[in-house]
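Asks: Just so you know, the protein sequences line up as chains A and B, in that order. According to the numbering used here, the first sequence is numbered sequentially starting from 33. According to the numbering used here, the second sequence is numbered sequentially starting from 26.
Simulated from the structure, these hints should not be mistaken for lab results. It cannot be assumed that every hint is accurate.
To be verified - Calculated cross-link-like contacts (lysine-lysine; reagent style BS3-like; alpha-carbon spacing at most 30 angstroms): (1) A:57 x A:41; (2) B:145 x B:31; (3) B:92 x B:133; (4) B:145 x A:57; (5) A:41 x B:141; (6) B:133 x A:41; (7) B:92 x A:81; (8) A:57 x B:92; (9) A:57 x B:133; (10) B:27 x B:92; (11) A:81 x B:133; (12) A:81 x B:27; (13) A:81 x B:120; (14) B:141 x A:81; (15) B:153 x A:81; (16) B:145 x A:41.
To be verified - Rough simulated footprint, nothing fancy, chain B against chain A, three-plus residues with beta-carbon under 8 angstroms: (17) 39 to 53; (18) 73 to 84.
Said to hold, decoys possible - Pulled from the structure, derived: some chain B residues nowhere near chain A, Cβ distances all over 12 angstroms: (19) 59; (20) 63; (21) 87; (22) 96; (23) 117; (24) 127.
The C-beta atom is built at its ideal place from N, Cα and C for all residues, glycine as well.
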Amino acid sequence: MHEAKSGRKRYDLRQLLEEIREDEKVVESRPDYWASQDDINDMVQQARKGRGKAK
Amino acid sequence: MKEEQKIRVLIAEDEAHIRLLLRKIMEQMGAVVVAEATNGQEAVDLFQQHRPHIVLMDVVMPVLDGKEAIRRIMAMERCAFVIVLSALSSMDVVKECLALGAANFIRKDNPVDQIKRYIKESWQEFQKMGCPYA
């Protein structure tokens, strides 16, 4: 990305595509990497239980 | 409801359009946004200044990221109520934020009504249970 004289940001689409492909590789290699909102809700419940016990 | 009775909110988010969206959401919920931070350091400073009831915190921000901002806010006020709103929801980041003391973690790609529901439920739970560290 670079800034044109007008001040507008200009993106290098080829570089962006490369970055997206790299990200896709990470996602495919680690299927449990990202947490869905349901995963998060479970983790929040666990954290609440832990805090309740610590109280 | 009188202004001083309203729930006071601090929004920490580097994207202006998301800040605006969160402000609208909180105002619709009857809260008042007392401050907006565009990075983690501002969030820490504004928290110290305003002591809001609720902090809505992004993770990826310039100067100081949301995780470090939560750490500093919790060090300042152990009973701070912080909800993370982020697009970056890797398992590790979620675990880290919850371990730092965040009350909830909401993905930004949730529909607005769902975001409202999560915020409301978390706040009610916090009100009911009290500060877990008190």
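Asks: All hints are to be evaluated individually against the structure, with a verdict given for each.
Replies: Now the hints, each set against the structure:
1. A threshold of 30 angstroms between alpha carbons decides the hint, and for residue 57 of chain A with residue 41 of chain A the separation of about 27 angstroms falls inside it, so the pair holds.
2. For the hint linking residue 145 of chain B to residue 31 of chain B, the alpha-carbon distance of about 14 angstroms falls within 30 angstroms, and the restraint holds.
3. In summary, the hint linking residue 92 of chain B to residue 133 of chain B is supported, as the alpha carbons are separated by about 16 angstroms, within the 30 angstroms threshold.
4. Taking the CA atoms of residue 145 of chain B and residue 57 of chain A, the gap is about 37 angstroms. The hint is violated against a cut of 30 angstroms.
5. Distance restraint check for residue 41 of chain A and residue 141 of chain B: the Cα-Cα separation of roughly 33 angstroms exceeds the 30 angstroms cut-off, and the hinted pair is therefore not satisfied.
6. About 24 angstroms separates the Cα atoms of residue 133 of chain B and residue 41 of chain A, which keeps this hinted pair within 30 angstroms; it holds.
7. Proposed proximity of residue 92 of chain B and residue 81 of chain A is supported: the alpha carbons are some 22 angstroms apart, at most 30 angstroms.
8. In summary, the hint linking residue 57 of chain A to residue 92 of chain B is supported, as the alpha carbons are separated by about 26 angstroms, within the 30 angstroms threshold.
9. For the given pair, residue 57 of chain A sits about 23 angstroms from residue 133 of chain B by alpha-carbon distance, which is consistent with the 30 angstroms threshold.
10. In summary, the hint linking residue 27 of chain B to residue 92 of chain B is not supported, as the alpha carbons are separated by about 33 angstroms, beyond the 30 angstroms threshold.
11. Distance check on the hinted pair: residue 81 of chain A and residue 133 of chain B sit about 25 angstroms apart at the alpha-carbon level, within 30 angstroms; holds.
12. For the proposed pair residue 81 of chain A and residue 27 of chain B, the alpha carbon gap of about 35 angstroms is over 30 angstroms, so the pair is violated.
13. Only pairs whose Cα atoms come within 30 angstroms are accepted, and residue 81 of chain A paired with residue 120 of chain B is accepted, the gap being roughly 14 angstroms.
14. As the CA atoms of residue 141 of chain B and residue 81 of chain A are separated by approximately 23 angstroms, the hinted pair is consistent with the 30 angstroms bound.
15. With a C-alpha separation of about 14 angstroms, the suggested pair residue 153 of chain B and residue 81 of chain A falls inside the 30 angstroms cut-off, and the hint holds.
16. In summary, the hint linking residue 145 of chain B to residue 41 of chain A is not supported, as the alpha carbons are separated by about 38 angstroms, beyond the 30 angstroms threshold.
17. For the segment 39 to 53 of chain A, the stated coverage by chain B is not satisfied: 0 residues place a CB nearer than 8 angstroms to a CB of that chain, which falls below the threshold of 3.
18. With a threshold of 8 angstroms between beta carbons, the proposed coverage of the segment 73 to 84 of chain A by chain B holds, since 6 of its residues qualify and at least three are required.
19. Distance to chain A confirms residue 59 of chain B as a non-interface residue, since its nearest Cβ pair spans about 25 angstroms, more than 12 angstroms.
20. No beta-carbon of chain A is positioned within 12 angstroms of the beta-carbon of residue 63 of chain B; the least distance is around 17 angstroms.
21. Distance check for residue 87 of chain B against chain A: the nearest CB is about 15 angstroms away, which clears 12 angstroms, and the non-interface claim stands.
22. With a cut of 12 angstroms on Cβ distances, residue 96 of chain B stays outside the contact zone with chain A, its closest approach being about 16 angstroms.
23. Not every beta carbon of chain A lies more than 12 angstroms from that of residue 117 of chain B, the smallest distance being close to 8 angstroms; the non-interface claim is violated.
24. In this structure residue 127 of chain B is not separated from chain A by more than 12 angstroms, as the shortest Cβ-Cβ distance comes to only about 8 angstroms.
The structure fails hints 4, 5, 10, 12, 16, 17, 23, 24 (numbered hints given earlier, in ascending order).
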